[in-house]
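Student: Chains as they are written, first to last, in the working numbering: chain A, -19 to 267; chain B, 115 to 449; chain C, 28 to 308.
Among these hints, one or two may not hold up.
[Unchecked claim] Incomplete in silico selection of chain C near chain A, CB under 10 Å: (1) His111; (2) Gln122; (3) Glu126; (4) Leu131; (5) Met140; (6) Glu143; (7) Arg192.
[To be verified] Some chain B residues flagged as far from chain C (calculated, every beta-carbon gap over 10 Å): (8) Gly250; (9) Tyr276; (10) Met329; (11) Pro416.
Derived by calculation from the structure, the hints in this document are not laboratory data. Here the structure is a predicted model, which is why all the values come from computation and not from measurement. Yeah, the Cβ is synthetic: ideal placement off N, Cα and C, and Gly gets one too.
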Amino acid sequence: MLVILRDLIRYNLEFRIGLVLVAIVLVMAGLSFVSPYPPGEVYLVPPDIPPSAAYWLGTTSRGQDVFWQLTFAIRNTLSFGIMVAVLSRLIALVVGLLAGYSGGWIDRVLMSINDTFIIIPLFPILILFYFVLRDTMSTPLLAMIMACLGWAYDARLIRSVALSLKTREFTQTSIFSGMKTREILAREHLPYVLPIVFSTTMNNMNWSIGIEVTLAVLGFTDINTPTIGGMIYWANQHTALVAGIWWWIAFPVALVVMTFVGLFLLAVSMNEYIDPRSRLARMGGSR
Amino acid sequence: MSSSDQLPVLQVRDLQAHFRTRYFGVNREVRAVDGVSFDVRGNEIYGLAGESSSGKTTLIKTIAGLLKPPLEMVGGSARFAFLPEWDAIGRAPPEVVRRIRWRHLSYIMQGSMNVLNPLRRVRHSFRDFAWRHLGGSKSEFDTRAAAHLERVRLDPSVLAAYPHELSGGMRQRVTIALATICKPEFIIADEPTTALDVVVQKEVLGMLRAIQREMGSSVLFITHDMGVHAALTDRLGIMYAGRLVEDGETPEIFARPLHPYTRHLIASLPRIGDVEQREGLEGTPPNLAAPPPGCRFHPRCPLAMPVCATTVPAMVETLPGHRVACHAINPGAAA
Amino acid sequence: MSALLELDRVSKSFSRGGLFSTRRVEAVKEVSFALDDGTPEIFTVIGESGSGKSTLARMILGIHAPSGGQVRLTGRDVASYERHAFMAQVQPIFQNPFEAFNPLKRLDHYLFMTAERFGAAAGRSAAEAGADEALRQVGLSLAEISGRFPHELSGGQLQRVAIARALVAKPRLIVADEPVSMVDASLRMSIVNLFGRLRDQLGLSIIYITHDLATAYYISDRLIIMQKGVVVEEGPARTVLSNPTHPYSRQLRDAVLTPDSAGAFRAGHSRKAVATPGATP
Chain A
-19 MLVILRDLIR YNLEFRIGLV LVAIVLVMAG LSFVSPYPPG EVYLVPPDIP PSAAYWLGTT
41 SRGQDVFWQL TFAIRNTLSF GIMVAVLSRL IALVVGLLAG YSGGWIDRVL MSINDTFIII
101 PLFPILILFY FVLRDTMSTP LLAMIMACLG WAYDARLIRS VALSLKTREF TQTSIFSGMK
161 TREILAREHL PYVLPIVFST TMNNMNWSIG IEVTLAVLGF TDINTPTIGG MIYWANQHTA
221 LVAGIWWWIA FPVALVVMTF VGLFLLAVSM NEYIDPRSRL ARMGGSR
Chain B
115 MSSSDQLPVL QVRDLQAHFR TRYFGVNREV RAVDGVSFDV RGNEIYGLAG ESSSGKTTLI
175 KTIAGLLKPP LEMVGGSARF AFLPEWDAIG RAPPEVVRRI RWRHLSYIMQ GSMNVLNPLR
235 RVRHSFRDFA WRHLGGSKSE FDTRAAAHLE RVRLDPSVLA AYPHELSGGM RQRVTIALAT
295 ICKPEFIIAD EPTTALDVVV QKEVLGMLRA IQREMGSSVL FITHDMGVHA ALTDRLGIMY
355 AGRLVEDGET PEIFARPLHP YTRHLIASLP RIGDVEQREG LEGTPPNLAA PPPGCRFHPR
415 CPLAMPVCAT TVPAMVETLP GHRVACHAIN PGAAA
Chain C
28 MSALLELDRV SKSFSRGGLF STRRVEAVKE VSFALDDGTP EIFTVIGESG SGKSTLARMI
88 LGIHAPSGGQ VRLTGRDVAS YERHAFMAQV QPIFQNPFEA FNPLKRLDHY LFMTAERFGA
148 AAGRSAAEAG ADEALRQVGL SLAEISGRFP HELSGGQLQR VAIARALVAK PRLIVADEPV
208 SMVDASLRMS IVNLFGRLRD QLGLSIIYIT HDLATAYYIS DRLIIMQKGV VVEEGPARTV
268 LSNPTHPYSR QLRDAVLTPD SAGAFRAGHS RKAVATPGAT P
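Work out the full structure, taking the sequences as your base and the hints as a guide.
Tutor: Encoded structure:
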């Protein structure tokens, strides 16, 4: 494992850059645990001070230190993204593998459900949920809802891989070795499906973070828990750009863009490595 | 039956082609072709026999100049009589290669669908390959193509068909017609009938032989099927693990195989009407990334001697026109 | 005299085509034969591509259900057989040794799995013993195979491991679909000879599916020749192949090229291959 990491760092420029970017983001998120200021409180420091030695990224109109606020914001946003990604991957895997392997009516039923979820327009539904759940809408609940909306595309991808795996002879060998269906899916087919899962995880995180930011900017989420979108929401409320408090918006945006780009680069560069076929070809294996 | 022309159409000398991977810390050099020398004369079919990992496919890729990383030509030469200035096609500039491809050198591949565009009618494939060389207007060219098809006993209506409308055998015959329309001096055929049924194979091979006879071209025919070699080829070369171990006239090789590998290859195949016990060979072909030193066959050879593990045997003309590289046959001959 | 395997007018048709037009393709038409329970034999199905031989193999293995007729194992319809009990008696060997195993997994994983599920091995050491015994029967050993991945072995070795895996289940019937067509010529005969040994020493019956008449002649006891889904000729192997009666069988036999076919296409000969035994130029 470490050898792979070392070689990726040594030879792959995209991986290096991605790793650096994501490392910065993670360090920022980690710093939230040593923040001198509690996240929810306002008017702790003099407001509207530009970036300086005392306040590295400046302060907001609400009297919060931008830097430390940002650490909480990125931590919450990241954990939201990870939660959505993990949940939706699980659903996509189960649906995709089962549909691809079983065929017949199971496949048809699952794919009909899948296609329904693909067509559902995202924003109207989310806004509907917000209005219905209003006060009980919390970040974990939003994460669950988004996970349920975000698995459909990838389930189809996974299903197509599962379909092709079903026709390969080693699947028959596994059957005649006495393996049951769930064992075959988990132990034989899963490794082939993992590259897709991994790269779509990165995309999925970018997607969910993007939506969360959008919703927060519009004020549809819990605006008291600091997130990237929340910071931008408050900045807009205080008309920061017009007032010239650019640092309140610029730094959250810069950090979230860094997150997107970093995750994307990692996904792209690790994909070639994780894909069993290209790994095999490099070992000189499959003829 | 003799091969005309004194100067060989193809002269291969000490050809070496390796697969070099320098990837993520892994440095591997697979010595797929490691010092091969032979001639192909005019107006003959030269067969190249060998199993998987013998290097025969890599050899023809190198000869034809179809080299892409990680495959590199590392040494030696493969000189064609129609391109004397260059010692290998892979070393000539693209304009030169374009000029000779199809006009002087053509290929017949294993999969006809690799050659015929599935989305267009057959006549378009003919135009794509040969019009540039033969010239004339479109209709003149089409007439020439139809005439060529008739000459090789194919129905010219095939030109108007799509590839998927033809059977596998028919497609392969079209591929042969396509490869021969410019009357090239040299044709490389890579397992052209391996995927075909036995009955169709016979027809396709018959067609190839007839065309070759008529045009006087030379054919380098690669297959692992010894029966096909016996039936079709004039001379035969046996490859093992990247090296040529025996070469000579086909009837001579089958009547008096000298190299232990060749002898085993011929003896192990069952024939109809014969229930004599046949045996497989012990061991496996070597890993070409780390081949055994000396003669590469020695770990599996029933005649192995101590010298075989240290010295590479040279190809020596042991009987007239019959070369073999083996210490047991030619003691003291080192490469 | 009871039958181990019985095919009773087995047919299989597929429908091809879209929503509004369907065409039925008859892959197998009314094939019948039986393998006796007490006499192990190698029963060969000869056919070219499109003859239906692979479809037939899959029906015998219970992978496809026949559209007509019945496949019976020891008197019971295969369709009604409980899958696990069926697989304990019938095991497959496939054409492509490089695809038979998952390239990402170690080979012994399949051997141990088969031993545990079918070989009544309780625990790891019993499974290892069962795997080793089966590997020795094919000329390998657990020490050689342990921990290896498929890409580390040659086609011939992989096919032998596949046969060993089938043997671990201690089946009564092995269905081998073109088992040597993708194996190098120099290694081919050791596997073909192995089939003979399995029949003689272990009492296994083998259904050997191939297009190669020469190995069929060499190893089979009885055979059938299929063309476009129909059996055109059947009988004892040597008799049928030495003197085929059906025109298609004759055509097949005449088209076979062996090392004795020297000069079949060379100048001065007609197009017909000279493939009669013993004829050398």
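Student: Evaluate each hint against the coordinates.
Tutor: Hint by hint, here is what the structure shows:
1. Look at C/His111: its Cβ gets to within about 7 Å of chain A, closer than 10 Å, so that hint holds up.
2. Of the supplied interface hints, the one on C/Gln122 holds, with its beta-carbon coming within about 8 Å of a beta-carbon of chain A, less than 10 Å.
3. For the restraint placing C/Glu126 at the interface with chain A, the shortest Cβ-Cβ distance is roughly 4 Å, inside the 10 Å limit, so the hint holds.
4. A cut of 10 Å between beta carbons decides the hint on C/Leu131: the least distance to chain A is about 5 Å, and the hint holds.
5. Among the interface hints, the one on C/Met140 holds; its C-beta lies about 4 Å from the nearest C-beta in chain A, closer than the 10 Å criterion.
6. The closest approach between the C-beta of C/Glu143 and any C-beta of chain A is roughly 7 Å, which is under the 10 Å cut-off, so the hint is satisfied.
7. The interface hint given for C/Arg192 is met, as the beta carbon of that residue sits about 7 Å from the closest beta carbon of chain A, less than 10 Å.
8. The claim that B/Gly250 is not at the interface with chain C holds, since no C-beta of that chain comes within 10 Å of its own (minimum 33 Å).
9. B/Tyr276, annotated as away from the interface, keeps every beta carbon of chain C farther than 10 Å; the closest lies near 18 Å.
10. Every CB of chain C is more than 10 Å from the CB of B/Met329 (nearest about 14 Å), matching its label as outside the interface.
11. Consistency note on B/Pro416: stated as away from chain C, and its beta-carbon is indeed over 10 Å from all of that chain's, at 13 Å minimum.
Taken one by one, the earlier hints all hold for this structure without exception.
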